[in-house]
Amino acid sequence: MTPPQRRRRTPLEPSTPEPAPAAPGAGTEGEPAVPNPERLYSLTGTAAGAERASIDLVTLVVAAEDPPPTLTPEQVSLLRLCTAPLSVAEISAYLSLPFSVVTILLTELMAADLVQARAPIVRQIVPDRSLLEAVMHGLQKL
Amino acid sequence: MDFKSSDTVPGPRVEDHLPQTTRAAVKIVIVGGFGVGKTTMVGSVSEIKPLTTEETMTQAGIGVDDNFGSDSKTATTVAMDFGRIGITEQLVLYLFGTPGQERFWFLWNGLFEGALGAVVLIDTRRLEVSFDVMGRLEERGVPFVVAVNSFPDAPRYPAPELRAALDLAEWVPIIECDVRRRASSRDVLMTLMHFLHTLATRRAPV
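Chains H and Y are the protein sequences, given in the same order.
By the working numbering, the letter at position 66 of the first sequence is numbered 66, and the numbering carries on one by one without gaps.
By the working numbering, the letter at position 26 of the second sequence is numbered 26, and the numbering carries on one by one without gaps.
Treat the hints as calculated values from the structure; they're not laboratory data.
Each residue gets a CB set at the ideal place from its N, CA and C atoms; glycine is no exception.
Among the hints, a few may not be true.
Quick look at which bits of chain Y chain H covers, simulated, 3 or more residues with Cβ under 8 Å [claimed, not checked]:
(1) 17-31
(2) 90-102
(3) 109-122
(4) 131-142
(5) 164-174
(6) 188-200
Here are the simulated distance ranges between beta carbons [as the list claims (entries may be wrong)]:
(7) H:A111 to Y:L199: 37 to 43 Å
(8) Y:T77 to H:V126: 35 to 41 Å
(9) Y:L199 to H:A64: 35 to 41 Å
(10) Y:H194 to H:A64: 38 to 44 Å
(11) H:A64 to Y:P152: 48 to 54 Å
(12) H:V122 to Y:E128: 27 to 33 Å
(13) Y:A159 to H:P73: 54 to 60 Å
(14) Y:H194 to H:V122: 18 to 24 Å
Taking the hints into account, I'd like the entire structure generated from these sequences.
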């Protein structure tokens, strides 16, 4: 039996501009990409339009101090989760909130210095071999 | 979107806490069609119970022309399973299993952009569902290996035939695996890491 054959697409993409990589809820123009804008607005306070480009799924978040009494319940929940470093993806999972909503909550908390964010190590054009070796070593222990 | 009260929000078990010394995370993306075994693979190597992050997508995000007016906008929830492996006291690895359709990839900021690399998980019964994803990864410059999840009733092609069918460059590794087994899933990740290391060695200035 012969397997189906993949046909490479032409190197030059025709004029189908890719949508901007900004996730739903990030923009300040157009309609919010969430089903219930009012609820989201109340959940995320006033910073809904703030930039969130620096927050990645695996940005590690650590709560900086005990929450002040003025915070929303969602912010308090988030801070309680992050007594030890925790990724944004995990926060999203535990709080059952979409990634985009978590990034907005975090943007507020970061602006108030209530959380510290530890940026991920991202792929480089020339990867760091010692980093790759560390990961290999870690996987071998599994 | 109901929000649980803050008293009942679940969190990581104490034994699942990362060390306070953890400075940074890296990620690997496992991408493949529905039912190909992404979630199984994440679960077999993860040190924590796999978790799910969700994102909401409207029609505007699906890439169809929005001529219908806002009344007809429908929201779709897209879920992505992920797991975690502690590497050192300073470093942690996250594994994300994501659908092959590119329209989902934009929902999570930087899902592929920052990833060390990707595993394209394929099922030889439905080889063609992986064609598009490999093209997309190539266009984005995301290094990947191909892992063939060996389902018992799936056709087995000789490696050269499979490579030709996938139109893969000869340096791109293809590995057979059984993602239900931790050792096998780990071997796939090791194959990816060795591949990345080879690329790094080749590209590094002397």
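Hint check results:
1. 17-31: holds (count 10)
2. 90-102: holds (count 5)
3. 109-122: holds (count 8)
4. 131-142: holds (count 5)
5. 164-174: holds (count 4)
6. 188-200: n = 8 at 8 Å, threshold three: holds.
7. H:A111 to Y:L199: 37 to 43 Å: holds (39 Å)
8. Y:T77 to H:V126: 35 to 41 Å: holds (38 Å)
9. Y:L199 to H:A64: 35 to 41 Å: About 38 Å separates the Cβ atoms of L199 (chain Y) and A64 (chain H), which means 35 to 41 Å holds.
10. Y:H194 to H:A64: 38 to 44 Å: Once the Cβ atoms are compared, 39 Å apart, the range 38 to 44 Å for A64 (chain H) and H194 (chain Y) holds.
11. H:A64 to Y:P152: 48 to 54 Å: holds (52 Å)
12. H:V122 to Y:E128: 27 to 33 Å: holds (31 Å)
13. Y:A159 to H:P73: 54 to 60 Å: holds (55 Å)
14. Y:H194 to H:V122: 18 to 24 Å: Once the Cβ atoms are compared, 20 Å apart, the range 18 to 24 Å for V122 (chain H) and H194 (chain Y) holds.
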